[in-house]
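Residues per chain are reported as follows:
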Amino acid sequence: MCGIAGLIHRGKSSNVGSELQGMLQALKHRGEDSTGYALYGDTDGKNFIMRFKVGENVGEGSSSIMEDVSVYDERKKIVDQYLAELGAKVLKEERTLPYSLRYEISYDKKDLLDFSQKIESIPGVEILSMGKSLEVIKDLGNAKAVCDRYSLDKLVGTHAIGHARMATESGVDIKSAHPFWGYPFSDVSVVHNGQLTNYWNNRRALENKGMRFMSECDSELIAVYIAQKMREGASLEEGMRDSLTGLDGVFTYFVATSDSLGMAKDTMAAKPLVLYESDDLVAMGSEEIAIRSVLPQEIDTYDPFDGEVKVWQI
Amino acid sequence: MANLKTSEKKSKAQSMGMHSEVLTGRTQQKFFNPDEAENFYYFGTYDVDFNKRTDLDVKDMSAPEANKEIDNLMSQGYGTIVIKNPQGKHSLGVGILNKLNLIFEGSLGYFGMGSCDGPTVRINGRVGWSCAENLMAGKVVIEKNAGSCFGAAIRGGDLICKGSVGARTGIDMKGGTIIVGGDAGAFTGFMMQRGRIIILGDVGINLGDSMYDGTIFVGGSIGSYGSDAVDADLSKSDQDWLKRKLKVAEIGENFDVSKMKKIVAGKKLWNYDNLEPTEKKGAI
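Protein chains in written order, with our numbering: chain A, 8 to 321; chain B, 453 to 736.
One chain only, chain B, in its complex shape (with noise of 0.2 Å):
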């Protein structure tokens, strides 16, 4: 190794007073510790008990307020939660962090069930735009249609919806599983990283436009596809990957699956700073 030298001259901002400061006290980075019970605390989860079951009528509540009182009955241990009358409030059943069965008996707004991890959740109607945005783990079923940018940025879980969905379903995704009993509108996939789509019904224009990775299984016909989707054989693993997800899904059991067209990413944009100018244009 080199001797350096250290020197004594002072930078500008030295001169000017400044990086005077004395750091003390406790590190802001932080070591994991197997003895340290914080280590394992998961801010905002409950033990609960799924046999523990309330109903909750929101129909006079603000969506803050409701969530707190699922929150508040999530900490005396309920792990069945049946929300009635949602009559199409945003924001609804957003954060929940831990394992719980909820069922909302109606149709959610905007943003319903948004950054969560973990929870099993059944809606019996529709959702509006950015359903289960930012999904970490967890299962959420829609019982009729769905809105736009439905499964926006999920990372896990499985978002099923056994009607149509809007626009953007699964933009921006990066992981998990997003199951379309029906159709789908324009930009399907829209710049996804990871993940997993599976429309059965007809998708609309532009799908899959500028994804980096990820796969799309279309049963019905396509619009047209967007920059850098291309179709991939669809192998014999994936009819069974398929078979086996919609059977756990409750959707399109008797579905045919050989015939469904896969989708995947050309990654000519992917690579783009790689590219020579030519390629570029190619790519786009």
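Excised from the complex, chain A in its bound form (with noise of 0.2 Å):
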């Protein structure tokens, strides 16, 4: 089933983390073997925050294979010495769990094909989430039980996307788990609710261009997607609207960048969405307690209509 949320404030900054922690809290019973955040934070725009991982958890419920921890630490130096062959310095490092890293990176260049190739051709290391302000949390559990492992409940920023996953056509594992980064684009991030059906054929497409794909997951595919779009000079909006005829099967998605937010309905409008709207805040979510658990009052709400794409900017 799977349930999404996001939200994004207009002119100014809040606390995303634990605002989409309530949101997603709320959608629990759509989904509690994995729960995925995409945050934008509050950062002064000129080094990369790279949340990486070098193994997976494999606690209760997990697929995974159990793998020594040293491992872990193989994978971490090599790691490094990747990045020092790359020219990046990381200026911070943070081992939030074992397997969970998350570095600060001074890095010039802008261009992250070469860089995350370099990274990712590590057996067992994957990017979650590259770029300058966004950082994508993931893991088994539900959503407080993330937000609690991670910390995230004070996290600062504008928008934020997220996810609480029901695995049905891939395996209970972080790799599988949304938010999905837009590799190879700085700061861009999907989640989805549904199913695609022509994963495969447009997955082999994708891959003869050079895209890469880490999981099974066919949410994998909006984010590949789109950023394909994106490499060939699309708008984020021309690429989600292309998006609607280019993907088939059914579909309510998120996508997220730097400074916007957008949503795509297929058009057959078979998953929910429920969306509120107001000058300074929009949010939305599968159903409407994820919006109520950050505005209990009284407000208007409505299901965007079948094939709709919005966007919108901070």
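It is worth saying that the hints were derived from the structure and are not from the lab. Glycine included, each C-beta is placed from N, C-alpha and C at the ideal position. Where hints are given, some of them may not hold.
Pairs of lysine-lysine, DSS-like flavour, derived with a Cα cap of 27 Å [claimed, not checked]:
#  : chain 1 : residue 1 : chain 2 : residue 2
1  : B       : Lys-536   : B       : Lys-591
2  : B       : Lys-626   : B       : Lys-688
3  : A       : Lys-35    : B       : Lys-688
4  : A       : Lys-317   : B       : Lys-688
5  : B       : Lys-464   : B       : Lys-591
6  : B       : Lys-713   : B       : Lys-697
7  : A       : Lys-125   : A       : Lys-84
8  : A       : Lys-182   : A       : Lys-83
9  : B       : Lys-626   : B       : Lys-511
10 : A       : Lys-317   : B       : Lys-614
11 : A       : Lys-35    : B       : Lys-591
12 : A       : Lys-35    : B       : Lys-713
13 : A       : Lys-151   : B       : Lys-713
Derived CB-CB ranges, DEER-like [claimed, not checked]:
#  : chain 1 : residue 1 : chain 2 : residue 2 : range
14 : B       : Ala-684   : A       : Glu-305   : 39 to 45 Å
15 : B       : Ser-514   : A       : Gly-256   : 32 to 38 Å
16 : B       : Asn-485   : A       : Glu-305   : 50 to 56 Å
Here are some, though not all, of the chain B residues that point toward chain A, as calculated from beta-carbon distances under 10 Å [as the list claims (entries may be wrong)]:
#  : residue
17 : Pro-486
18 : His-542
19 : Arg-574
20 : Arg-578
21 : Ala-636
22 : Gly-672
Two independent chains are provided; combine them into the complex using the hints.
And the structure:
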């Protein structure tokens, strides 16, 4: 089933970590296999923040293979070595969990394709996000469990999207959890509710164009599809509109960039979305109760129609 | 009548020891008898007084707790119940099987007012997916917007949304009337079998797709027609009925119904099994 939620504050920052946690926790009945956050924090915009994993959470319910923690250390060492070779300087390093790391990096090149390919050439290493304000945090468990594990409730920013997952098409693991980073674009993330039926056809075509897939989760296709469209020169909104015909199946998805947040709904409107829009805040989720967690007062909400695409700026 | 002989030979099942039970006691078949009071008892109904009014704050209640409390209040004779702080909770007000004035001061989530038979409901907010699914009788008025599958499979009653509704409004409906003051999404009237849908605004693609019967009236533009949905002439009696219905619904009273489009089933799919192969292609 899965649940998605997102919000964007226009003209100000807020405690988006805590707000998104409340929205996703309200949707936990739609899936608790994993929960993911894409948070756009207040930063000076000078350095990159790289969230990456060197292994999987092999806790209860996980479909991943148990590995010795020493393997994680080995992988981390190679990452550090490759970063040095790429000319990237690690300014700050946080290891929240043995398999999950956050690096603040000084890196002056704009093209992240070579960078990402080199880092991800290390088996077992995946960049969850790379950007100057984006941080993707995803792990097994419900929204509160993940928020507590990564101390996300204090994170201040302008906008955020998130996902509560019930695994249906692929395994219960971090690599299949949402949000997906719009590799190799800085600060692009995607969450999706639905099923895509032309996943393999699109995947083969995109892989032939040099795009990478880290999981076998159909939702990852949306991030890669839109990233490819943007690579070809399309704007975010153009890429999203194109996806209405390029992607087959049922879907409602959100895409966020450093300064915008968008939603798209398939032409059959088969997946739910409730939307609240005001001058200073847009909040949306699979169910109204998600919005109610940040706006308990009586408000006007509506369902976007079939084939609708909307994009908001901060 | 032929003189049929009963066979002495046991069937295979009987020879295996099956069919040996002796049926005794009361038959499962029920016959109506006007002298028996139980024939007039409708499970889950109460005698309520509409002038007996109370408020119920459901802010800290789960949906089952709130519904149980509504039932409890009806059993005490309350005929007008005002629900405070519904806050988008799912499945509120379901299964009410008697006359009742129910007012929600706020919005409902999914499946609100499902499987009801008789109440008059006003929701001063929005409703999520599948509002009033399987409504048998009564009136449900939504002051704001509604989600998809609005009035799915309703059998009777009036379901009114003053705002816009999502996709698949009136899907599988078998009676009753749905009235929408604003726009409606894709697949409105999908597989409807009876009843009427009135949309004052625009509708999305595939209107009336695979409808068996029933009528759809549209005031605005139509995205596209679904399989087997066709235009029909809007008669004088249709217009009179529309005026009356909109007036009773307190919605679009000044709307020019003479310009509405009337859509019905072409009934090619309805007779699908009787069609020749070449005709089947045409029907689809």
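Results of checking the hints against the structure:
no., hint, in the structure
1, B:Lys-536 to B:Lys-591, "holds, 20 Å"
2, B:Lys-626 to B:Lys-688, "holds, 24 Å"
3, A:Lys-35 to B:Lys-688, "violated, 53 Å"
4, A:Lys-317 to B:Lys-688, "violated, 42 Å"
5, B:Lys-464 to B:Lys-591, "violated, 57 Å"
6, B:Lys-713 to B:Lys-697, "holds, 16 Å"
7, A:Lys-125 to A:Lys-84, "holds, 14 Å"
8, A:Lys-182 to A:Lys-83, "holds, 17 Å"
9, B:Lys-626 to B:Lys-511, "violated, 35 Å"
10, A:Lys-317 to B:Lys-614, "holds, 24 Å"
11, A:Lys-35 to B:Lys-591, "violated, 33 Å"
12, A:Lys-35 to B:Lys-713, "violated, 44 Å"
13, A:Lys-151 to B:Lys-713, "violated, 51 Å"
14, B:Ala-684 to A:Glu-305: 39 to 45 Å, "holds, 41 Å"
15, B:Ser-514 to A:Gly-256: 32 to 38 Å, "holds, 34 Å"
16, B:Asn-485 to A:Glu-305: 50 to 56 Å, "holds, 51 Å"
17, Pro-486, "violated, 48 Å"
18, His-542, "holds, 7 Å"
19, Arg-574, "violated, 15 Å"
20, Arg-578, "holds, 5 Å"
21, Ala-636, "holds, 9 Å"
22, Gly-672, "violated, 13 Å"
Going down the numbered hints, you'll see the structure goes against 3, 4, 5, 9, 11, 12, 13, 17, 19, 22, while the others check out.
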